[in-house]
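Go ahead and model the full structure; you've got the sequences and the hints to work with.
Quick note, our numbering runs 613 ahead of the 1-based positions in the sequence shown.
Pair by pair, the computed Cβ-Cβ distance ranges are:
hint : residue 1 : residue 2 : range
1    : Thr-810   : Gly-668   : 48 to 56 Å
2    : Ala-648   : Glu-763   : 47 to 55 Å
3    : Glu-763   : Gly-657   : 49 to 57 Å
4    : Leu-675   : Gly-783   : 22 to 30 Å
5    : Glu-626   : His-737   : 29 to 37 Å
6    : Arg-684   : Gly-646   : 21 to 29 Å
7    : Gly-783   : Arg-623   : 36 to 44 Å
8    : Ala-779   : Glu-626   : 37 to 45 Å
9    : Gly-806   : Lys-733   : 34 to 42 Å
For the record, the hints were derived by calculation from the structure and aren't laboratory data.
All values derive from a computational prediction rather than experimental measurement.
C-beta: ideal position from N, C-alpha, C; glycine also.
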Amino acid sequence: MAKLKGQAKRGEERRAAIVDAAIEVFATRGFRGAALAEVGERVGLSAAGVLYHFGSKEELLLAVIAERDRRAVAHIAELLPSKEGLRSLRDAALFAVQSEREPGLTALHTVLQIESLEEKHPAHRYFQLRSRVLRDWVADTLRAARRRGEVSPNVDVKRVANQVVAFIEGAAVLWLVDPSQSLVELYRDYFEGLTRTLS
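Set out below in structure tokens:
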């Protein structure tokens with residue numbers, strides 16, 4: 614029985630290593646351009662070995678996206694309580710801190726998001742839903758802030774939510790193109806200015 618537990622543990626470790634390798638390869642070559650053989654080579658496996666653990670390239674992609682989201686959960690959890698009002702928006706700089714800490718994940722997100730514009734891309738639906746969830750969160754945060762008297766009643770929260778998400782996506786691309794600038798400073802400057810305008 615102990616041997617089976619050991620085998621299961623080694624299997625999980627191997628899967629985790631494959632996902633880490635796939636994050637790097639997908640971030641560099643995209644999903645379409647990435648070869649399972651290159652992913653496998655980074656962890657000492659053949660393409661068939663990768664498929665043994667994941668079944669298909671699409672399944673590996675979903676595991677990669679799930680891992681990216683898992684790593685972001687701690688930061689997102691700090692932002693979610695809308696009862697904090699505008700403070701939640703100012704704290705959005707935590708996203709930038711995470712991005713600077715793990716630039717490969719930021720590049721992965723951007724590359725996959727662009728690729729997923731094709732309706733047949735396996736992550737197309739995921740990115741559609743993610744965008745809606747993010748916009749809804751911003752809108753809910755603004756409504757909560759309005760109830761607290763922090764935001765003018767004349768503010769169109771849906772319109773501002775769209776603008777905020779457009780900034781978040783665009784700032785990531787700007788930083789990836791020129792990482793000499795601080796993404797954290799971009800976030801702080803933008804959200805400090807936004808919160809002053811809204812109030």
